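Trainee: Chains as they are written, first to last, in this note's numbering: chain A, 1 to 268; chain B, 269 to 536; chain C, 537 to 804; chain D, 805 to 1072; chain E, 1073 to 1340; chain F, 1341 to 1608.
Bear in mind the hints are in silico, worked out from the structure with no lab data behind them.
In this text the structure is predicted, and so the values were computed from the model without any measurement.
Don't be surprised by glycine CBs; every beta carbon is placed ideally from N, CA and C.
Any given hint could be a false lead.
[Stated by the list, open to error] Where chain F lies over chain D, by a calculated footprint (3+ residues, C-beta under 8 Å):
1) 847-857
2) 883-896
3) 905-916
4) 922-935
5) 953-964
6) 975-984
6 protein chains.
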Amino acid sequence: MQEQAFIDKLFHAHRDARRIPSPSAVCNWLDGLLKVLFPELADHRYASRRELEQHYRQLKLDLFTLLETMAERLPKTAAELEMAFLERLPTVHALLLLDAEAILAGDPAAVDKTEVIRTYPGFRAIAVYRLAHEFFQLGVPLIPRILTEHVHSLSGIDIHPGAAIGERFCIDHGTGVVIGETVHIGNDVKIYQGVTLGALSVTKEMAQTKRHPTIQDRVVIYSGATILGGNTVIGHDSIIGGNVWLTQSVPPYSRVYYEGYVRQKVHS
Amino acid sequence: MQEQAFIDKLFHAHRDARRIPSPSAVCNWLDGLLKVLFPELADHRYASRRELEQHYRQLKLDLFTLLETMAERLPKTAAELEMAFLERLPTVHALLLLDAEAILAGDPAAVDKTEVIRTYPGFRAIAVYRLAHEFFQLGVPLIPRILTEHVHSLSGIDIHPGAAIGERFCIDHGTGVVIGETVHIGNDVKIYQGVTLGALSVTKEMAQTKRHPTIQDRVVIYSGATILGGNTVIGHDSIIGGNVWLTQSVPPYSRVYYEGYVRQKVHS
Amino acid sequence: MQEQAFIDKLFHAHRDARRIPSPSAVCNWLDGLLKVLFPELADHRYASRRELEQHYRQLKLDLFTLLETMAERLPKTAAELEMAFLERLPTVHALLLLDAEAILAGDPAAVDKTEVIRTYPGFRAIAVYRLAHEFFQLGVPLIPRILTEHVHSLSGIDIHPGAAIGERFCIDHGTGVVIGETVHIGNDVKIYQGVTLGALSVTKEMAQTKRHPTIQDRVVIYSGATILGGNTVIGHDSIIGGNVWLTQSVPPYSRVYYEGYVRQKVHS
Amino acid sequence: MQEQAFIDKLFHAHRDARRIPSPSAVCNWLDGLLKVLFPELADHRYASRRELEQHYRQLKLDLFTLLETMAERLPKTAAELEMAFLERLPTVHALLLLDAEAILAGDPAAVDKTEVIRTYPGFRAIAVYRLAHEFFQLGVPLIPRILTEHVHSLSGIDIHPGAAIGERFCIDHGTGVVIGETVHIGNDVKIYQGVTLGALSVTKEMAQTKRHPTIQDRVVIYSGATILGGNTVIGHDSIIGGNVWLTQSVPPYSRVYYEGYVRQKVHS
Amino acid sequence: MQEQAFIDKLFHAHRDARRIPSPSAVCNWLDGLLKVLFPELADHRYASRRELEQHYRQLKLDLFTLLETMAERLPKTAAELEMAFLERLPTVHALLLLDAEAILAGDPAAVDKTEVIRTYPGFRAIAVYRLAHEFFQLGVPLIPRILTEHVHSLSGIDIHPGAAIGERFCIDHGTGVVIGETVHIGNDVKIYQGVTLGALSVTKEMAQTKRHPTIQDRVVIYSGATILGGNTVIGHDSIIGGNVWLTQSVPPYSRVYYEGYVRQKVHS
Amino acid sequence: MQEQAFIDKLFHAHRDARRIPSPSAVCNWLDGLLKVLFPELADHRYASRRELEQHYRQLKLDLFTLLETMAERLPKTAAELEMAFLERLPTVHALLLLDAEAILAGDPAAVDKTEVIRTYPGFRAIAVYRLAHEFFQLGVPLIPRILTEHVHSLSGIDIHPGAAIGERFCIDHGTGVVIGETVHIGNDVKIYQGVTLGALSVTKEMAQTKRHPTIQDRVVIYSGATILGGNTVIGHDSIIGGNVWLTQSVPPYSRVYYEGYVRQKVHS
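Here chain A stands alone, though its shape is the one from the complex (with noise of 0.2 Å):
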């Protein structure tokens, strides 16, 4: 009966299907890493040097299993993979820890860098866009976009981990912010809620061009604004108001806002 037919439709598919990574499996990783780097994120105290180093060596581990799953479209070995992004992670945690201390400078409402790495959205964005940006340039499928779309979820920010993005990068709220795959962004750049950074049209031929627009350092992007294309060079030094509208650059030190608001309709 279709019943039954629709069953083995199924089986089939689930019989078919490549392995990947169990989702939990690697939330509870990224959820296991980011405790063991931020104290201010953790249930537990250790208490011993040797009980935090274990647990290092079992989030290693973890890594490699879950590399180990998907042997077979690797660009390197598991173990290769693994060594690589372990290296990497003193510097991400740096560049984190940077980005915490910009995010507490530039807020009023931050009362300090606790609250800053436990409460903020951006941050956790930022730290995850970083984990998973390694995995991207390490050529490691499917295991970026887990982590990117998995704090998208927690957040609403949706940060693509092919991004380049450089240091002390604040977000401010977060939510509805779009930052597309081959963004550059530079140093001291802050961005507010609802800041697409996206392109000007999409057709799956433009895979491989950077279509995506570039922010130079020290840019401050406010609420709403939308900067489109892969041409799209906002110059050091600007400010983007809330609400603007960008399709092409803007030179340095530029101050560019949306002045739309003189033309409402006021009756009282």
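Since the structure of chain A is provided, determine the placement of chains B, C, D, E and F on it from the hints.
Mentor: Quick look at chains B, C, D, E and F alone, frame taken from chain A:
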């Protein structure tokens, strides 16, 4: 004393509350169903067809139990509604595979169908909407809304289960998308993050009227666009640019772009 | 070797970290409290008043324990703060029932209060804000922010716990809403998705000043509107249209609409 | 077919079964109570008196709930029985501390009271018996037997909850000990593994009669001894040697030894 | 170093180990089956026949999976063995209900069948033996022994799954009972704690011979009795007294009592 | 009131209690260790040597943590004791493999080594005894006794961790076996269920003396035998029959049998 009175008040509210399906039970059921429908989402590999069939039967039983919980508010018996839903499931499954293919075909950053089904919030939101819509059509209360708000929480995409959406529907990024109860969307439509398909104004009296727009086949709506009103029809093969604000119909093959950016002040 | 040095560094950071309430403990407490306050959210039916009272006492004890964790940073003893919070709880509960009624009255798609309380992210965000605001008023550190960021993650609605919000507040859809620390909102206000009530510009020095707008009674603000600045006052009984950008006050009974749509190019 | 008929039969049995307290619920309650009564058994250190009191109240509530499950079979209301049990608890607790001291005083291998309470199966069996006996005295069905069979499974010591046992009772090693329903044991009695205090013969008609022996104060009974019969009285200050088989009374200060060993053949 | 060599050795042992069904999986399956067969043991009330049937199917599937784990050592296919076991299940179930009735009829302390099935270790041991015996008869390796040793651990009753036991079998108290592999027991037999039905001497060469006694119908064996040898037959309607040591046959209607007690010294 | 006073009393006892390793932590550690040492007991197959090594390290750390819990009562530092225990582990492991082989060789019903290690309570008891004995030798308090009482509860076999037991030790069936603290057992000894190796009489003053018997090499002791006294030596190559009661030494090559059965009355 005051605390005792407050506890009394809470207890009376609990005692008098209508029975509703347990929130976590509904979400667990959904999760289990998605893992059976899509191997890309599964944590587990079925050792045999029989194991999958057993799992499928369990999902049927769990659905029956959820429906039974609110038997007195159902338009038919729980058994009839369960059967009606399950008869539609192969069709919904086929529609979702078409959605996944359309997303893959349209996104340069998408690597393969596994990545789309596994990680794209747009796909997740459509999948849950299509399942919720079936319950809505059957007149089942509460469950459709629990389902769509669950995926809204995960994806930032808010599709009312009453909306009518055609084949091969794509949502990219998706955070902030709102699709109202009486929206009609044709085939091969694509929308981006922050798009609102809403009502012009909102009063309780409008509950039974069509108050949200109609989008015909092959329309693309870029990020941040807002389209409002029950009489607003976007003609087929139109493109609605980012941040556009539309409260009236446009004919087929329209290209509607927001020109606001020419009115930005640039100081350098 | 390098790895050992990195582990040392992490261990020192963990050893020196200030004790903070366990993240999952705070969220579990919140979850439990909401389930006691609203039968619509409960998984469990209390067999007797005594069982509910026992659960209530457990929540009190858990709150005390959370507060005790950071005793050295509290403005009063944990016991005093617990008592002060609990004395306010019946009032907060009554306010939330008013919020739920207002949401039901204003949304044509809403079927009954159960659906509103159970599934509306806007109600969830307001509920958590009102609880967090009490802790904020009492000077409790960190917990208010943990609570509001938790619901921000679930709903995409970011209300700072310091904001002051009147009775019968409605948020519809809600994704992307941002309400800043020094916002004042009157009674019977309704806002839609993507509304920002923010600051004109942001520097750390502004921490103690009113830098976010005031919204008077009976104002409606449609989706995507942005209202900025500490001196901006939206007069009572005003309507702010979708996508409006406002950085100056408007008088009572204003109707402010965005007319941008007339300047769209339509090619057919 | 046959399987369907069997499933029908099982379902009818389930449908018609009387409600009894969930087995795991009874054992969890016991476990929790023992951990409150004896810090030596606890996994957890109470941070405050209030936390312990809260835990104590929860145990009271859980007991009430267990009793309520079989309300129609109780001799009084669940609330009355709960109160009656709890009024006896301090006395039972004091008796158990005396038991622990007596075990420590009598066993050369015992190091301290912590070891006795934490690890001695004899102590565990006595503790559960004394609690079960209180329920038996109150006429509560089923629970006394669930408790004593639970500890029988853990310790190999089978004490019927109806037995009457005096102060400072010691069981050493204990596996295989059987103490029947109508046994009377005085103060300061000590018994070893494999001792049976049973009935001479067993027929259903004997249910209301005293069919098991009486052991007076300060008697020691070594391993493997068997003492049978409702009229058998072991006089105070007697010692019953290992493997002795007794079906008649002995006067006070008796020394009863088994001489069987002289009749062994030794071939070398 | 030495530790590395030890870890190597352990790893090789793990790598080379034969696959066996997971211990906890076997015990969970048993537990689930007993709860379906006997409502007295269930934690859960089935809301519908369908729910029970679903649970039953799951148990079938789990059995199949357990058997499949060691497919290469099975005498038939896993599917054939599963079917053969399940065909016997109604018969085993009927036998167990007879056992429960016999225990109730014979024990003055037993209140009702619920108490017997729920709390009597003798019933539990017989139930597991009867299930294990079916697997033994089918030639399934390892599982029969895992089952009987599991209940041995809980009850102190050690019945080899190869033993042949008739209808209405009672074990009272039970701790220390040992029933060997080639024992034959008739109908309506009752035994008490500490009874051994064993071999006279034990060498590996005896594996295929009948080396344990035969007990005919309606025999009662009191506590601590030891009956040894493959040629030893206890004639029907006999009573074997407590602590009796028997290595030879006795005719029907025998009364065998231990008289050792007359040789005790009594000093008063 | 009285209840408050009782809660006070309990709280003071909890507050003043010495810290001891959490009961469940000790048992979980033991369980994990046995699963690493014996693949026959494992639920899990190690995917790589590295995973096993990681698990092994975790067990080391957990042991350290358990020991640290009672640091002030240890004869050496926790680190020294952990190291000393682990240095002995390969030797203990090798002894246990010899025990398993001896059990297999001696039991006609045993099929293979997997069955022995997986299901025989005698093997389980010896394994835990040998591990506990190492802690006892190192002077670690409480843990040895927690371990042996845990396996006593599972197997009904009570071996004091202080006993000294040679190579290739077999216990068959085992329920009711008691082996005292100062027992010495040679190589190739085999004992059956219900055997007691105990003290003649018991007073606290005897704590430092040898009060339990010595069993030389290649002795077999059948079920229910009792051997008592610190000066009792069973000469090598002796056989002690079932139910024998011995309080004096026997020379090598003795055969000691219980003849009690000739004095039974048989009425037919």
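Trainee: Hints the structure violates: just list their numbers, smallest first.
Mentor: none
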